[in-house]
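Spelled out, the chains give:
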Amino acid sequence: GAVVSQHPSWVICKSGTSVKIECRSLDFQATTMFWYRQFPKQSLMLMATSNEGSKATYEQGVEKDKFLINHASLTLSTLTVTSAHPEDSSFYICSATQGAAGNTIYFGEGSWLTVV
Amino acid sequence: GQNIDQPTEMTATEGAIVQINCTYQTSGFNGLFWYQQHAGEAPTFLSYNVLDGLEEKGRFSSFLSRSKGYSYLLLKELQMKDSASYLCAAKGTDKLIFGTGTRLQVFP
Chain A
1344 GAVVSQHPSW
1354 VICKSGTSVK
1364 IECRSLDFQA
1374 TTMFWYRQFP
1384 KQSLMLMATS
1394 NEGSKATYEQ
1404 GVEKDKFLIN
1414 HASLTLSTLT
1424 VTSAHPEDSS
1434 FYICSATQGA
1444 AGNTIYFGEG
1454 SWLTVV
Chain B
4 GQNIDQPTEM
14 TATEGAIVQI
24 NCTYQTSGFN
34 GLFWYQQHAG
44 EAPTFLSYNV
54 LDGLEEKGRF
64 SSFLSRSKGY
74 SYLLLKELQM
84 KDSASYLCAA
94 KGTDKLIFGT
104 GTRLQVFP
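Top line first, the protein sequences correspond to chains A and B.
Quick note: the first sequence uses my numbering, first residue 1344, plus one each step.
Quick note: the second sequence uses my numbering, first residue 4, plus one each step.
Hint data in this document are derived by calculation from the structure and do not stem from the laboratory.
Any given hint might turn out to be false.
[What the hints assert, rightly or not] Just some of the chain A residues that point at chain B, by a computed CB distance under 8 Å:
| id | residue |
| --- | --- |
| 1 | F1377 |
| 2 | F1382 |
| 3 | Q1385 |
| 4 | S1386 |
| 5 | L1387 |
| 6 | L1389 |
| 7 | T1392 |
| 8 | G1451 |
Backbone N, C-alpha and C define an ideal beta-carbon position, used for all residues, glycine too.
Put together the whole structure using the sequences plus the hints.
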């Protein structure tokens, strides 16, 4: 079974609205979670690194005010796409690391966002 | 800077062997991962190398040379279901960076 659960799997929203995607680690505490975005036929692009209890670290070119990340507990991180536009339509996926070395990395199932 | 290079596309025949190469540059190094990803799905873990050498796991093997910043994924006895994208990812000091992925197409 999945060790990282991501919800929702599919979401359609209107342009200008906000949408929240949740990433939960099941049966383990994830001190670090990562958020990726993947456009069709492209690789996973790291958006931000989320550490429990602290502000997320965003990659260059990713707007932190547009992609709000909250990691309020050791098992939950959320990504909120604010004021979504059609160009934000993408596959968003989270991953969580387990263990001190962080060499066990689990991915969520991914969330397809379509902005119309 | 951080950079990962792998071929964009490869083709092979069912039953054959294919090697997918990956070169990387990272800030710090804490391991090299290979993932398989079918279209529209999340990546699935294939292998993890942190020490030099070859790791074999069934039909899949992965090799790492830290001094050369080089890894390869070897797929043996190819099956049609192996048609997918194969992502090379290097873990730096604090994050996992992916290559562009190699789309492998297996033909009968």
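Margin query: Need the list of violated hint numbers for this structure, in ascending order.
Written below: Hint 2 contradicted; others consistent.
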